[in-house]
Amino acid sequence: MTDATYIEDEKPTSVWGDIWRQFRAHKGGVAGLVVFLIILFTVYVGPFIHTIDPNKIDIRAKNQGPSLAHPFGTDNLGHDMLAQVMAGGQISLAVGITAMLLALFLGTLVGVTSGYFRRLDGPLMRVTDLFLALPLLPVLLVVILLFRDSLRSTFGPETGIFILIVFVIGITSWMHTARIVRGDVLAVKNQEFILAAKSAGIREFRIILRHLLPNVMSSIMVSATLGIASAIITESALSFLGLGFPSDFPTWGRLLYDGANFLQITPARVFWPGLAISLTVLSINYIGDAVRDALDPRMLKR
Amino acid sequence: MKKGKLLLAASAALMAAAATPAFAERGTDGDLKIIFWQAPTTMNPYLSGGTKEVYAASVVLEPLARYDENGDLTPYLAAEIPTVENGGVAEDLTSMTWKLKDGLKWSDGSPVTAADAVFTWKYCTAPDGGCAQGAYYEGVTNVEALDDQTIKISFDKPKPYPYSAFVGAQSPIIQAKQFADCMGAKAPECTDANFNPIGTGPFKVAEFKPGDVISYVANENYRDPAKPAFASITLKGGGDAASAARSVLETGEFDYAWNTQVEPEVLASMMSSGKGKLETAFGNLVERLDLNPYAVDSSLGDKRSTKEAGPHPSLSDPAVKKALSMAIDREVLVGAGYGEAGQPTCNIVPAPAIYASPNNQDCLKQDIEGANKLLDEAGWKMGSDGIREKDGVKLSYLYQTSTNSVRQATQALIKDWWSQIGVAAELRNVSANVFFGGDPASPDTFQKFYADVQEYANQFDGADPEKYLAGWMCDKIPNPSNGWQGENIVRYCNPEYDALIQELGKTAELEKRAEIAIKANDMLTDDFAQIPIIYRGSLSASSTSLEGVKINAWDSELWNVADWSRKK
Numbered sequence: 001m002t003d004a005t006y007i008e009d010e011k012p013t014s015v016w017g018d019i020w021r022q023f024r025a026h027k028g029g030v031a032g033l034v035v036f037l038i039i040l041f042t043v044y045v046g047p048f049i050h051t052i053d054p055n056k057i058d059i060r061a062k063n064q065g066p067s068l069a070h071p072f073g074t075d076n077l078g079h080d081m082l083a084q085v086m087a088g089g090q091i092s093l094a095v096g097i098t099a100m101l102l103a104l105f106l107g108t109l110v111g112v113t114s115g116y117f118r119r120l121d122g123p124l125m126r127v128t129d130l131f132l133a134l135p136l137l138p139v140l141l142v143v144i145l146l147f148r149d150s151l152r153s154t155f156g157p158e159t160g161i162f163i164l165i166v167f168v169i170g171i172t173s174w175m176h177t178a179r180i181v182r183g184d185v186l187a188v189k190n191q192e193f194i195l196a197a198k199s200a201g202i203r204e205f206r207i208i209l210r211h212l213l214p215n216v217m218s219s220i221m222v223s224a225t226l227g228i229a230s231a232i233i234t235e236s237a238l239s240f241l242g243l244g245f246p247s248d249f250p251t252w253g254r255l256l257y258d259g260a261n262f263l264q265i266t267p268a269r270v271f272w273p274g275l276a277i278s279l280t281v282l283s284i285n286y287i288g289d290a291v292r293d294a295l296d297p298r299m300l301k302r
Numbered sequence: 001m002k003k004g005k006l007l008l009a010a011s012a013a014l015m016a017a018a019a020t021p022a023f024a025e026r027g028t029d030g031d032l033k034i035i036f037w038q039a040p041t042t043m044n045p046y047l048s049g050g051t052k053e054v055y056a057a058s059v060v061l062e063p064l065a066r067y068d069e070n071g072d073l074t075p076y077l078a079a080e081i082p083t084v085e086n087g088g089v090a091e092d093l094t095s096m097t098w099k100l101k102d103g104l105k106w107s108d109g110s111p112v113t114a115a116d117a118v119f120t121w122k123y124c125t126a127p128d129g130g131c132a133q134g135a136y137y138e139g140v141t142n143v144e145a146l147d148d149q150t151i152k153i154s155f156d157k158p159k160p161y162p163y164s165a166f167v168g169a170q171s172p173i174i175q176a177k178q179f180a181d182c183m184g185a186k187a188p189e190c191t192d193a194n195f196n197p198i199g200t201g202p203f204k205v206a207e208f209k210p211g212d213v214i215s216y217v218a219n220e221n222y223r224d225p226a227k228p229a230f231a232s233i234t235l236k237g238g239g240d241a242a243s244a245a246r247s248v249l250e251t252g253e254f255d256y257a258w259n260t261q262v263e264p265e266v267l268a269s270m271m272s273s274g275k276g277k278l279e280t281a282f283g284n285l286v287e288r289l290d291l292n293p294y295a296v297d298s299s300l301g302d303k304r305s306t307k308e309a310g311p312h313p314s315l316s317d318p319a320v321k322k323a324l325s326m327a328i329d330r331e332v333l334v335g336a337g338y339g340e341a342g343q344p345t346c347n348i349v350p351a352p353a354i355y356a357s358p359n360n361q362d363c364l365k366q367d368i369e370g371a372n373k374l375l376d377e378a379g380w381k382m383g384s385d386g387i388r389e390k391d392g393v394k395l396s397y398l399y400q401t402s403t404n405s406v407r408q409a410t411q412a413l414i415k416d417w418w419s420q421i422g423v424a425a426e427l428r429n430v431s432a433n434v435f436f437g438g439d440p441a442s443p444d445t446f447q448k449f450y451a452d453v454q455e456y457a458n459q460f461d462g463a464d465p466e467k468y469l470a471g472w473m474c475d476k477i478p479n480p481s482n483g484w485q486g487e488n489i490v491r492y493c494n495p496e497y498d499a500l501i502q503e504l505g506k507t508a509e510l511e512k513r514a515e516i517a518i519k520a521n522d523m524l525t526d527d528f529a530q531i532p533i534i535y536r537g538s539l540s541a542s543s544t545s546l547e548g549v550k551i552n553a554w555d556s557e558l559w560n561v562a563d564w565s566r567k568k
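So the protein sequences, as listed, match chains A and B. Per our numbering, the first sequence runs over residues 1 to 302. Per our numbering, the second sequence runs over residues 1 to 568.
Derived by calculation from the structure, the hints in this document are not laboratory data. If you're wondering where the values come from, they're calculated on a predicted model, not measured in any experiment. Treat the hints loosely; a few may be bogus.
Unchecked claim - Here's a subset of chain B near chain A, in silico, CB distances under 8 Å, partners left out:
hint : residue
1    : Val-262
2    : Val-266
3    : Met-271
4    : Gln-366
5    : Ile-368
6    : Ser-405
7    : Asp-416
8    : Arg-428
Think of the CB as a built atom: it goes at the ideal place given N, C-alpha and C, for glycine as much as any other residue.
Bound conformation, chain B alone (with noise of 0.2 Å):
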């Protein structure tokens, strides 16, 4: 008995044994089967705000840290994080310096160096180039190449959390030679170079169709010998949650499916199979309402949801902002649309801890009786139809966000609930393929915002909302000069914002960042110029065969790709 059990422990020493990385090789386990329901179209993520396309890019093309599960920093291309404490960093907090991984090389197999970093922060400034990440190189003076391992940032202030540029999914470093030829306006025509970047990550991409396809496969110049597991990815992009979440829990067709936001009721009778689970993380991610300030009438023509047009007829008045916030149930839209994925929220900036204001609490129980009060005392008088208005000004909205049964349901109840205080909703959804792809042709884009109301969910990466809340500032807002690129979604332009969002680029210490951060927030929730609504965690599906999954709300959900494995 007791020579069995020992028996048992050795050879389960050894099958540990055998399962790290030091015994395992790489592209064993075969072709893992990824479904991103929004089909990725380029593979650039300085030529996309788009979390698909980040996530699709984040495989191929790396940072020098990433963020890992917990919201730490994770050196991956840097040898180490530089910080102020081990001489990264500069005393005056106005400079750091990155020291790259030694024998690092591209997927061609040639050297990665510190120019190629160097050449990243001008592509994505360069002028006219609408590089969807520039509040990443915020502040960011100069970027140069002490050696070919050392690169050195500048900036034009002390930044205190200076990890900004070449950090998170979204800043990756794009190889120089490849590139070379794709500055400024040109940076969209290079059709080979943003649908195959070449890379350092695990993967490199075989073939790309954009709204479709992409194959992997394992990069035989990544810098672990023994990693990936898996020889081959196959990213199949289309079809709505329902069916992705389906084809992981249900019929294991898929190993893992992003964002699977399905009623909840839905994903429990798919679990039921027992094929597959479901990862949640909370980063800060939150589902808003924007407010358009600007008028969107379509006579308008080509000047609707810009500055030209003028402000929006009755969104410009607070009370009816503030209304509209009021009467919607927060609690309500979670039980019927998110169950554990999400909670109510009022902050734009939920997590982390020190940076969530606690002075927003009262949006959290619906007012009814309040609203409509509040709308009574502005003028706004109840007509016979059932919908307040003000000197001819009805209030009557277009909402629209993209198609997904979760957010059609939020929709319905809020219209129900604005019904109730006289506010008119009509209701618009767009495939989100469209919504959310950033075709400066398409009049159906979140960017455009060819609507009074839009919904739809957004997040920073990492542990810091400097350049998160940098978003809202004035100069960020998309209009037809810019291409309709620009964070500002919103439109939201208050000076004093931007000025706060300045001193918070000059504050060192971590309490002044916090407060400074939970102002700018509160004064963000206090103007409505987004209504929050629902803190979400990310959701998305795995296969109970894959092993190594960490679901991460800082970064790319694909970050550690090259750990996952096949359970044996």
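Bound conformation, chain A alone (with noise of 0.2 Å):
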């Protein structure tokens, strides 16, 4: 016992600062944490520089193209559009963070449950194809339909829409995470280190926390910062068919739909939005793919 937390009290730093390297080696990746790390501070610390309240209206000043007072313009109602845009990257961000945190969560418990325990490998894999096979969009007007009214009176409108929201994408888009990671753990399983711990008489369930998730976790980040991305496009969707937030709560998916019919006044109402999102999606892909290199134990060299 003592012995174990002394040896793993001093790899970890080196062991992370490996990681670090092997992700400094991939140019994309480090562009793609810049672009990110901007995208964030912007967005949290942003509304603190520009205080303008997004959901101020000011009928007078609307329409306006980019101008000092409003970097960004304003939109037919006078909202100023880059608070509108930091509020609603903050809101846009949140969902597909917690989302992704969610799918990936239910994705590799279902992954690892189905890859090492046999048994259960049939049943849970029927159940992720029936997951795979449900049509995403009408479930979603369903549950959303279903639920909103007793999750609201529960917990408040901007909560309660918040958590349905999250939870309908994350309970939608588990289901490649799990595929992914069942394939991992089928191959890392038989290996012969498991073998060892095994007949070390180690808990499976230590097993798997120490042994296995370790060697499967770089297709696991992949698949999270992929979700991430699908997270905030699929709120964008339901943004876009009116069944998102309130029209008043401003998400990166309503302002280019807002701004849709506006695009030939103010084309800055749909440019800026589109542009946050595209950004963030990409640069969140490129983090994903050097995560993943510098997460693989072979690429480790030691």
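Reconstruct the complex from the two isolated chains, following the hints.
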């Protein structure tokens, strides 16, 4: 026991160092990380610098182009677009990251269980097939219709919708992670070190946690990064259909939707939220790429 | 020179002659493409109160008489408009007789008879039928066929304005043979008949895909052999107001787009390509806010938004309702969303002029301070979160409307003003197809009104507001027992008001009627049963290549589709 912790205390620093070195070798990943950090910084720190309330209406200053007071211009009600894009980013990113975490948790759980325990493999994979076969949007519509009111009365309108959307996106996007993780677990669990761990009498739970998971981490990370991107896009689609957050709750998807009519008058309304979505998705994908390379045990040259 | 001019004049005269109906031919102008961004879901106007269904059906089904673009009655299936002068309306005003035109035929070739009208009345008044247009047959005690061409309508009391049953797009005549087995509760089950009604109009249904496309072809049995000029109509549903407007004004893919309610600046930029023009007509369409008098908490389950749920905790307070109205700046709403096609109003009946109440001008001016004072006096204390409350009840409302960028802008502006008087609003928008769809299974229809506040527009056909005003009577409240049908969506119930409407039904003199109608309007607005906000013109877009379009705010916009033609 004491031995084990001692070793662990020393090792991680060098492992993380190695991973970081490995990550830096991937130029696209570094660029993605920089862009993503800039977006995060703008979205969360920006509102303290550009202090206009995103929902403040100034009807006299409507449909303005970019100016010093409104760097991204204003919409047809005089909302400041920069403030709206920043507020929208907070929600879109929060939705993306939370939904991804939920999907990741579910996917890993199902994937590892079905890969490791032979008897559960069949049923769990059939459940995965079932979820894959569900048409996503109609299911979302029905779920939102069914649970909207009860969640709203329990958690209040904003948190209620947030939970609902995160849940709905999470519950419908874990299947690919599960499939990938299962495949990896099947390959890893027959290797000698697992057998060694087993013969040393370590409990299955610890084997999974200590020996199995680190080895499938790379594929989990990749699907995580892809998950954020697809969650943001699904939320945009829901907002586009008027089913996501209320209309005065800016998200990138909704801003894009509302701005579409005004494309010819104030293109900035579509350009900035669109750019934000694309850059976020793209940068996260690159980060995911780099993280996969960095985490792959075979790539760690020590 | 002179000769040339003469020749020119002669050829012009010739061309003009060629354009007259006598030389025109049926079905020579190809396909007419119409876009309704809210797709019709049935072709039977008796089963849906929605404007889109009524309009789509008006191409096929016709009433005895319609209102023209000026709001005057024009005979359609009838030979002439019955009046007291020509003996069509009895001296004591308790009955009227319509005479059908000679040789009328249904699109299946069988003759139109008075029995069809009698059947139509029975169909709509059948018990458990949930007829959406019941108000049009209000006060009708009997409809009988005196002979094959004469229809006699009897009323329970003198009807000074008898043009209601079988008049206007909402109460057309349906074929008795086709709907014979569709009476009462069976009405919604007759899918074939409801989707493909046999009519007398210029076109008949070739194919109906609910919520998608309706294909019409010219009716070979139409009474005017030279009409319609178009061989077919494709009425496409779906999309949104902006894309519909764009498809006519900017790209020219469609010839006519109904209800292009988009921000004025957007329409202006679309128009610059010169492919289409906007048609506006002011009828009596009023955008209004409904304040729910019944509790709507979701814990009430099926009872919510009905009488059984009990009164609304805060919207039953008149001071709150008044303050909500006072805080709204209608002028700004017009500027932001309607432009030419809107005027601020405080009346539920804004037109015709003699029925428009002159007593409601106060609301035209926004008064945030006054609203705050009113709420203070009523005991609604400002809470620390900026929301007023009294006895644990917060002034916090769910405010729903259909998905439409102009309505969402209106929502945002109103929410902003309400926040200044300590009222919180949670906004929700529902797809227009669902909101106005009338599906009793959906919780999001405007009939169910599972919200504290909702916004939509409504209007009446024709020039007499009696049956429209009757829509606020207690027995017209939608509830589960009537399948959520009924015009009284705001759930207003006031015995005094009911009595007033009954009095209106007994009054003959026009001035007296106007007086009562104004009183009824004032009662509705003084009680803040509804908060009228904008008097809207109907705004539609038509292609510059289309001729004969006369936008009509009093009847279906497609009322004269038989006269539409392609500019040569």
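Do the hints match the structure? See the list:
no. : hint    : verdict
1   : Val-262 : holds, 6 Å
2   : Val-266 : holds, 5 Å
3   : Met-271 : violated, 12 Å
4   : Gln-366 : violated, 12 Å
5   : Ile-368 : violated, 14 Å
6   : Ser-405 : holds, 6 Å
7   : Asp-416 : holds, 5 Å
8   : Arg-428 : holds, 6 Å
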